[in-house]
Amino acid sequence: MFGEYLLYQVYSFFLAKIMSNSTFIPGQPVTAVVQRIEICKLRHGDNLILGFSIGGGIDQDPGQNPFSKDKTDKGIYVTRITPGGPAEVAGLMMGDKIMQVNGWDMTVVTHDKARKRLTKKNEDVVRLLVTRKSLEEAVKHSMRAPNNQ
Amino acid sequence: MDNESTYSGYSYKSSHSRTSRKHRDRRDRHRSKSRDSSIRGDKSVTIQVPREPLLDTESTRGDDRDDNWGETTTVVTGTSVDSISNEDLTRLSKDLEESSPLECRRFLVPALGGVLGLFALLTPLAFLALPQLLWRDTLDPCGTPCEGLYISLAFKLLILLISTWALFLRPPRAALPRFFVFRCLLLALVFLFVASYWLFYGVRVLEPRETDYRGIVGYAASLVDALLFIQYLTLVLLEVRHLQPAFCLKVVRSTDGVSRFYNVGHLSIQRAAAWVLDQYYCDFPVYNPALLNLPKSILTKKMSAFKVYSLGEENGTGNSTGQSRAVITAPARKRDNSHSEYYYEEAEVERRVRKRKARLVVAVEEAFTHIKRHREDEQASSPKHPREAMDPREAAQAIFAPMARAMQKYLRATRQQSYHTMESIIDHLQFCITHNMTPKAFLERYITPGPTLQYQDNSRGRQWTLVSEEPVTAALRRGQVFSLRRLDFSLVVTVMPLPFLSLGEEFIEPKSHKFVMKLQSETSV
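Read top to bottom, the protein sequences are chains L and G. The numbering used here numbers the first residue of the first sequence as 1 and each following residue consecutively. The numbering used here numbers the first residue of the second sequence as 1 and each following residue consecutively.
A couple of the hints might just be wrong.
Claimed, not checked - Computed cross-link-like contacts, DSS-like style, restricted to lysine-lysine with a CA-CA straight-line distance of at most 30 Å: (1) Lys133(L) / Lys113(L); (2) Lys518(G) / Lys71(L); (3) Lys409(G) / Lys113(L); (4) Lys140(L) / Lys69(L).
No wet-lab data here; the hints were simulated from the structure. Keep in mind that this is a model prediction, so the values were computed, not measured.
So that you can see chain L by itself, here it is in the shape it has in the complex (with noise of 0.2 Å):
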């Protein structure tokens, strides 16, 4: 099931305008429907790991990143999910665009922060909000289904 819904900015006509997962307006507040997901780190011998991959990052060639809708789009994706750890419990799955981490932008950062801003020692839960395209749908059924009701 899913978890709890969190709209930056709830106007239904943007939601049926929404095409692509996030619209970029240059100078306008990215729009998203994102997931909260909470992972905690597994302490595996002397490291903690979340269990998954990240590409991308603004110093990265974006045309080369097999998830995203926009080829110039420079986030952050999962790209790998181990099976059976941490982040495929808490519910992350390939190809979403990891938008914050414990309240940090991902949308604008280099691949080298990305990495940093998750494996952090000294926090054990990394809070993460991503984006995939399905929410939209899912977020567009719910809203149509109680006008059906």
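Start from chain L and add chain G according to the hints.
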């Protein structure tokens, strides 16, 4: 008044194309007086009456006549009675004007310069010869040093002679309206210089009969040195100073808008004008007056559009304003079609020209396959069919026949028929055959309009008028405009200074060209 009317009459005719002039010329023979005054004038208010013989109009329309018809009519009737076609007249006057008049003024300055130069060259020899001739006995004997000076003098004089011949003894290519300032300055300088040397010589050597011959030879040698330096100055002022580009001249032909840009150095207006004309004859395509007119169908349509004034109330309801708008836009819409007509007419003309060009190319290619060069060592193919060897002229005439019609049609389509006579085409064909040219090389002369030099013989001079608001010996400055006028068109020249360039340098280490693949890393967290 007299002169004004005749001149305006001629210029009106000469400014139009030759073909339309022919029609007008035929009409002019039956011209009525009312038509005359309407052409000439800003004063007469007569109605145009076509093709009435002269006597009738004179008798019936005397009252409406312009006051000055008495003076002007005589000249015009003179023309029509003599029945010289106007075309002939303008051609005659053009011929007279085109040949450069043999004015004495044209040769004055070069002749003066020549005399002065000769005088300056002979002066050192005179300096040396006069003491020997006049008081040889009393001269100090002068051995080796004098002979050394003789040798150096001889060679310097030889160098002066050769460089004078190379630089200055050239026929002048242009007759400028005003004196060439630098040249006059230099001539004056040479004259002053030689005169002052003679003065000194006369007072200090001839009078007291100076005996120091070595000093006299040294004096003559110094004169030759100074002459060499003056020649260096002349070279710099007349030949070298204007070589470094400083201005950009934009030259636009007034009739069809063909324009070119040229870089020149520091020149006076008249020198720049002469230089521009040199380039004009090579760079500008020939002026073809037949190409300028818009097709008649479009022009007449445009002129027949009429205005509509709506007399309804201004503050009316939507209905009335809608009506008035509809009334106004109907003729406006009719007027607007002329541009689309022009577009289609242009497309049609272009298509026709392309078709005729295709036919011409095929005809010429085929014609060229009929002949081939005969080699001396070739044997005849068979004794029964001896091929007679023709010279190029006969060969050209032989293959001209199949392509003549296609050529004529093409020239007529591109309105070039007045520039190429049959003789000239056969001459060109002969020229191409002699030099082993391909059909394409033969056709380049007719497909692209060449520079004016190609079409006109240069045996006579050309008359141009320099029209300028500033004195023509003034130097070129930013923003000056002057024009060079001929009978039927003019070249307008605008002066723009070239920008000052400040070049910076940037050194790139050759080893600093390195490339990396774009990043796409994946990190597991």
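Take a quick look at whether Lys518(G) and Lys71(L) sit within 30 Å of each other, Cα to Cα. Distance of about 14 Å is within 30 Å: holds.
Check whether the Cα positions of Lys140(L) and Lys69(L) lie no farther apart than 30 Å. holds, 19 Å
With the threshold set at 30 Å, check whether the alpha-carbon distance from Lys409(G) to Lys113(L) stays at or below it. Judged against 30 Å, a Cα distance of about 78 Å means the pair is violated.
Hey, Lys133(L) versus Lys113(L), does the alpha-carbon distance stay inside 30 Å? holds, 25 Å
In the structure shown, a violation is registered for the earlier hint numbered 3 alone.
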